[in-house]
Amino acid sequence: MYEKHHHALNIIDFKITELKTIFVKVTGYDAVLGREFEGEVKFVGGMPYGDLIHPQRSSLSPECRQYVRGNLQNKYTVGEFS
Numbered sequence: 001m002y003e004k005h006h007h008a009l010n011i012i013d014f015k016i017t018e019l020k021t022i023f024v025k026v027t028g029y030d031a032v033l034g035r036e037f038e039g040e041v042k043f044v045g046g047m048p049y050g051d052l053i054h055p056q057r058s059s060l061s062p063e064c065r066q067y068v069r070g071n072l073q074n075k076y077t078v079g080e081f082s
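So in the working numbering, spot 65 of the sequence shown is number 65, and the numbers just go up one at a time.
Hints are supplied without guarantee of correctness; some may be wrong.
[Claimed, not checked] In silico BS3-like links for lysine-lysine, alpha-carbon gap of 30 Å or less:
no. : residue 1 : residue 2
1   : K75       : K20
2   : K15       : K25
3   : K15       : K42
4   : K25       : K42
5   : K75       : K42
6   : K25       : K75
7   : K42       : K20
8   : K75       : K15
[What the hints assert, rightly or not] Between beta-carbon pairs, the in silico distance windows are:
no. : residue 1 : residue 2 : range
9   : H54       : F81       : 16 to 24 Å
10  : D51       : N10       : 14 to 22 Å
11  : G70       : K25       : 15 to 23 Å
12  : L33       : S82       : 30 to 38 Å
Think of the hints as simulated: they come from the structure by calculation, not from any bench.
C-beta: ideal position from N, C-alpha, C; glycine also.
Whenever a hint applies, use it, and build me the whole structure from the sequences.
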């Protein structure tokens, strides 16, 4: 399903709460570990949070974790979750 030599990230859905917190559901592929993943990241005050991108709690490789975090931050910055 994914190109096996590159990280991949797909936005499945997102929801904005009354408190302006944005929850983003994602799937993707970690090319370093060679496996698919799914998870959720929340944005609070423009900053992304969640186990998926947390340095100590993520099951992703450091490279993929940075890819996911950067990709989501870029999408947030350009308004794709508005």
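Results of checking the hints against the structure:
1. K75 with K20: 16 Å, holds
2. K15 with K25: Distance ~9 Å between K15 and K25 Cα, so the pair holds.
3. K15 with K42: 9 Å, holds
4. K25 with K42: 9 Å, holds
5. K75 with K42: Satisfied, since the Cα-Cα distance of roughly 13 Å is no more than 30 Å.
6. K25 with K75: 13 Å, holds
7. K42 with K20: 10 Å, holds
8. K75 with K15: 14 Å, holds
9. H54 with F81: 16 to 24 Å: Given range 16 to 24 Å: holds, Cβ gap about 20 Å.
10. D51 with N10: 14 to 22 Å: Between D51 and N10, where Cβ atoms are some 18 Å apart, the hint holds.
11. G70 with K25: 15 to 23 Å: 18 Å, holds
12. L33 with S82: 30 to 38 Å: With Cβ atoms ~32 Å apart, the hint holds.
Consistency note: the structure conflicts with none of the earlier hints.
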